[in-house]
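Peer 1: As a plain string of letters, each chain reads:
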Amino acid sequence: MIRLWGGKTTKDQSDGQQPEATSGSGWLGRLKSGLTKSSSRLSDGISGIFTRKKLDHATLEELEELLIAADLGPGTAAKLTAGLARSRLGKEVTAEEVRGLLAADIAGILAPVARPLPLDSSCRPQVILMVGVNGTGKTTTIGKLAWQLRDEDCSVMIAACDTFRAGAVSQLQVWGERTGSPVMAREAGADAAGLAFESLERARRDQADVLMIDTAGRLQNKANLMAELQKIVRVLKKLDPSAPHLTLLTLDATTGQNAHAQVEVFKDMVQVSGIIVTKLDGSARGGVLVALAERFGLPVYAIGVGEGVEDLRPFDAQAFARTLLGLDAVAGG
Amino acid sequence: MFDGLSGRLGEIFDRLTRRGALSEDDVNAAMREVRIALLEADVALPVVKDFIAEVKERAVGQEVLRSVTPGQQVIKIVHDHLVEMLGAQGSQLNLNATPPVPILMVGLQGSGKTTTTAKIALRLKTRERKKVLMASLDTRRPAAQEQLAVLGQQVEVATLAIVAGQGPVEIAKRALTTARLEGYDVVMLDTAGRLAINDELMAEVVAIRDATGPVETLLVVDAMTGQDAVTVATNFENRVGVTGIVLTRVDGDARGGAALSMRKVTGKPIKLIGVGERVDALEAFHPDRIAGRILGMGDVVSLVEKAAETIEQAEAEKLAEKMQKGTFDLDAMAAQFRQIRKMGGMQGLLGMMPGIGKLKNQLKDANIDEKVLKRQEAIISSMTKAERRDVKLLNASRRRRIAAGSGTSVQEVNKLLKQFQDMQAMMKQAKKLGQKGLARHGLGALMPKQPRGR
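Residue numbers (the working numbering), protein chains in the order written: chain A, 1 to 333; chain B, 1001 to 1454.
Every clue listed holds true.
Part of the chain A face toward chain B, derived, beta carbon under 7 Å:
1) E65
2) I68
3) A69
4) D71
5) P74
6) A166
7) N221
8) T254
9) S283
10) A284
It is worth saying that the hints were derived from the structure and are not from the lab. For each residue, glycine too, the CB sits at the ideal point set by N, CA and C.
In isolation and in its complexed conformation, chain A is listed as follows:
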């Protein structure tokens, strides 16, 4: 296994009490400061509702709405509130308690999908295919991943198969220079699948450890563009039947319920192996992730919390749930 994030990943997760101790004010602080702003309204709302109050139906309804406002979606919000009603209806509860219970429920849903990136060094080159809707952060995520893989002494090659968007290739070339990774590119409008094929041949010849393939962003309801993506996969399989070893879907945290359609279609078309959630440093809560975890169970390999190279971090279910509900912001500052 190639271990990302200095192998601290597992330690961080098992030692959920004091993640700050190992990473300081770095990524967790960033995630928190981002999420705090977004969750402060959520937690303020809950505090407002629950200060010394009996848990009744009206309160539950308001609580459900607060979850909806965090993008959890009406279905999941209803389910979570119903769970709370079963155990606590009519009892005296404080804001802290309610938040704790909800966070535990949410963490429970998210824990099975919080997994580290499964890179297998036994097979070279590992082919990583990056897919997603336009503007979700594919190229930036590739840049960050390349940086961290280089940190682990992996040789990385990048294929700039986004031959559509103007500037995509030069954007990736900048990342290539920053991370010292060769970037395979062709002229604009060239056949992406052809370039992917060539890149894999080249990566094999050069004995690269990892080949990352950037693709053009596409809306999941465009049948022809999705077919183009399938063609890339098909062509890769001609050289290596097991490729791509990882197909990563980038998901913008600001996305609402359309995330369901995105995951469903991409999963169907190109067998997505896991999700990377980007832009979690914003005011968007990414609550739709909870519903996605329940419905699809796809692993969430990492989250993006900023524009810097080090701003790609493992997904920690508990930290995510607690920050979402504003618990750590209150407890840990």
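We have chain A already, so just place chain B on it with the hints.
Peer 2: Only chain B this time, still in chain A's reference frame:
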């Protein structure tokens, strides 16, 4: 699961229309469903609440109880209110200022600012005959300035020369000076994507705004945005002050609840919508069309426009003639397949058609997908002219030949012929129903009553 707002509301109103009179309870029940549907369409919660309250107030009461068809009355109230909320009419870009007129583009990362900048520039150039200069103030994302330069070449609009090391405000000032000296009408300023809660970056936009005094400050928003739309809109409005909204990726399958939220929260009009990756895929915003789509009345206007663009007139006329005469043959069927594929496939068409919720499921049962269409076209192409005119010629040996010729199986050939017969029957039925019948019952009248088990 997420059939979109139109499907959801379609179901609710189906229930309503079947009842004679409408009680307050009925309205309440309907509004509960409307609420969930709106939330699933990503309309922000506070906006949903207001909307429901207002519609309820209008719906419950004499207006509805006295009307002949209460369900339709409610639909109308909801629809009118949606249109009202979305902005009563299409709003144009404001260019009323001494040239060069600065237009500032702001928004989150990845919302489509740069592409939209180029699209607007092209629109102003071709439609308003304006001389436009574009400048990218994005010094953060690698190659963002190059991206705009490449787009500039594509749409043949000038871009400001890139000077390495300059800050956003400096570039903005240089853009204005250049525009003034070289006689440009409009200067498009494309800023870096930023989070609405990042104080430092928001201050940067404010500095740019103060240095340039833009006539239009357009907030570019992804149609897929969730509940966060409210936060984004509020922050940008409060800090920078926007004059209009551009909604991007409207060609996606998101229901675009964000449009409602943004409009309500900022009170600013949605001026343009992005409807595709091509540089000319930018349209004026039509509130009634979007509201109609949301309510399941379908975006018929867009459908007709799209059809007019893609269907070749001559072919369509030939087809119509054949249908009228009842001589619908396999050639006509193949022509139809071709047209469907040209218009962006079944999925694209379905989204625009009225009352689609139910149809969609039936189509799923009928297993219609693009690949099948292509294969069926191949089958028809493998037939002789005589065979295409007269299906009765097709005996077992001919069917085997056709299957081999098209790379399919005899079963598939048979399936196509069965489908052809169904369609023929459908055409006859359509003829019987006539124009009025079709209008009254919609396409549903043409679908077989029982989905055949396949």
